[in-house]
Amino acid sequence: MSYVTNLKCRECGQEYPITPVHVCETCFGPLEVVYDYARIGKLLTRATIESRAKNLWRYRELLPVEGEPEMGPFSGFTPLLHARRLGAEVGLSKLYIKDDTVNHPTLSYKDRVVSVAITKAREFGFTTVSCASTGNLATAVAAHAARAGLRCYIFMPEGVESGKIVGSTIYGAQVITIRGNYDDVNRLCSEIADKYGWAFVNINLRPYYTEGAKTFGFEVAEQLGWRLPDHIVVPTAGGTILPKVAKAFKEFTQLGLVEGKFKIHCAQAAGSAPVIAALHKGTDLIVPVKPDTIAKSIAIGNPADGFYVLKAVRESGGWGEGASDAEIVDAIRLLARTEGIFAEPAGGTTLAVTLKLASAGRIKPDETVVVSITGNGYKTLEAVAGIIEQPVSIGARLAEFDALYERLPNGKRAVAGAA
Amino acid sequence: MAIRVRVPTPLRRFTAGVDEVTAGGVSVRAVIEDLEQRHPGMRERLLDDKGELRRFVNIYLNGEDIRFLQQLDSKVKDGDDISIVPAIAGGR
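Chains as they are written, first to last, in my numbering: chain A, 1 to 419; chain B, 1 to 92.
Hints listed in this document are in silico derivations from the structure and should not be mistaken for laboratory results. Note that the structure is predicted; figures quoted are calculated from it, not measured. Some hints could be false.
Said to hold, decoys possible - To list a few chain B residues with every Cβ distance to chain A over 10 Å, as calculated:
1. Ala2
2. Thr15
3. Gly17
4. Val18
5. Asp19
6. Ser27
7. Arg29
8. Ala30
9. Asp34
10. Arg38
11. Arg43
12. Lys50
13. Gly51
14. Asn62
15. Lys77
16. Asp78
Stated by the list, open to error - A few chain A residues facing chain B, derived, Cβ under 10 Å:
17. Thr26
18. Pro30
19. Asp183
20. Asp184
21. Lys195
22. Tyr196
23. Ile286
24. Val287
25. Pro288
26. Asp292
27. Phe307
28. Leu404
29. Glu406
The beta carbon of each residue, even a glycine, is placed where N, CA and C say it ideally should be.
Build the full structure now, drawing on both the sequences and the hints.
Here's what the structure looks like:
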């Protein structure tokens with residue numbers, strides 16, 4: 001049973017039936033799914049949601065699928081952690097981490113959007129699924145396609161982390177690397193989607209795919225005890241997730257499930273920050289850049305939905321900042337050291353930007369702030385491997401360890417000092 | 001001068017369903033004007049009423065986004081390839 005009525009152009013309002021199209025024929029604007037909120041409002045309650053399995057489909061009325069969802073039975077409903085040790089160190093008493101480093105099955109927020117997209121691909125009768133990706137999406141599409149028994153083609157720019165190439169090929173997907181950056185890959189895939197008629201999750205299935213990102217926001221609100229955070233900081237690359245988190249909060253508000261206000265803030269790597277540049281300049285015009293950052297998963301210089309990121313941020317009274325590669329690595333280490341969570345560089349970016357917003361006074365010490373950690377550091381070891389301390393090597397003799405313990409900076413002297 | 005222009009699905013109703021057409025001109029803007037002569041209705045889809053490229057349209061000249069070149073004034077020559085691609089795509 002679906003509560004979806006049709007697709008509608010966000011720009012000019014033209015309506016389209018539920019088909020695999022993503023661009024308005026009239027103005028090239030993005031198409032978005034329209035729901036019958038009046039009907040949903042009559043039946044969706046907190047109790048109904050709470051009674052369901054802990055996966056992203058507990059919000060199924062607000063997702064664009066027809067039948068019983070088949071994909072992603074363990075995707076979503078990741079932890080929301082009150083980060084007390086990190087919060088104490090940075091002076092934020094209600095700091096929360098929404099931890100999609102442990103999303104199932106491929107350890108990033110992409111398992112949400114792909115669960116929806118592959119379910120939709122099957123409903124439409126596609127037999128081949130594909131995507132343009134910087135890596136996380138690739139692994140998610142490959143894994144879900146394997147489970148769905150669909151053929152899978154993955155397109156990535158050369159130079160993405162090896163974990164993402166291995167982590168896609170292992171599922172039986174055909175991986176093709178493109179000599180160029182993500183924006184080149186994206187352009188090529190738009191042309192391939194047009195010509196071959198495959199289901200590209202982030203191109204012709206994009207209206208459905210992006211709706212899956214709302215579940216990140218739904219979960220935050222539910223896990224905070226059915227309320228909205230004062231602040232949420234979200235990383236921006238192509239601009240999918242940030243506007244959808246804002247939409248999730250608005251839908252919950254409209255349905256009477258939560259109340260209150262939130263500010264949504266945008267985090268970009270300084271080496272790929274076209275949205276932040278436009279935000280700080282006070283313009284709607286996003287000038288594309290050539291990305292140069294270790295945060296490869298968010299290295300998109302020509303963001304499709306950048307305009308809507310700006311809109312969501314400004315409407316909420318939020319702000320945004322860029323983080324340098326050094327700040328990103330420092331934040332990855334800080335999160336790992338204080339909370340035991342190893343984020344990919346996109347997560348480091350988001351935490352680094354959160355700290356900047358706090359020191360600028362935009363986030364107050366006792367306000368509730370959620371840091372969106374959307375991907376896992378084990379996939380991006382290259383980003384930090386050359387920077388962190390190397391292990392110390394000794395022989396398997398107690399005397400060698402005794403000597404070492406005497407001289408290690410965090411060894412005997414540190415323990416004695418603390419005692 | 002013959003320049004190859006790749007036409008995306010939303011514009012193919014102006015080209016009788018054809019996905020690649022030829023056009024002439026010394027700049028991207030001139031090529032768009034020529035496309036308008038050959039396939040009336042295309043210009044309005046690509047340019048806004050101020051004559052600037054619409055927000056959700058990307059144009060690539062030999063694979064390079066024209067916003068990294070001289071925008072609509074980018075020079076084109078015989079044998080060049082132009083791709084018109086909807087901007088809305090992607091996401092990591």
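Cross-check of the supplied hints:
no., hint, verdict
1, Ala2, "20 Å, holds"
2, Thr15, "13 Å, holds"
3, Gly17, "12 Å, holds"
4, Val18, "13 Å, holds"
5, Asp19, "7 Å, violated"
6, Ser27, "20 Å, holds"
7, Arg29, "18 Å, holds"
8, Ala30, "21 Å, holds"
9, Asp34, "20 Å, holds"
10, Arg38, "19 Å, holds"
11, Arg43, "13 Å, holds"
12, Lys50, "13 Å, holds"
13, Gly51, "15 Å, holds"
14, Asn62, "12 Å, holds"
15, Lys77, "21 Å, holds"
16, Asp78, "22 Å, holds"
17, Thr26, "8 Å, holds"
18, Pro30, "4 Å, holds"
19, Asp183, "7 Å, holds"
20, Asp184, "7 Å, holds"
21, Lys195, "7 Å, holds"
22, Tyr196, "12 Å, violated"
23, Ile286, "9 Å, holds"
24, Val287, "7 Å, holds"
25, Pro288, "6 Å, holds"
26, Asp292, "14 Å, violated"
27, Phe307, "6 Å, holds"
28, Leu404, "43 Å, violated"
29, Glu406, "48 Å, violated"
Violated hints, listed in ascending order, are 5, 22, 26, 28, 29; each of the other numbered hints is respected by the structure.
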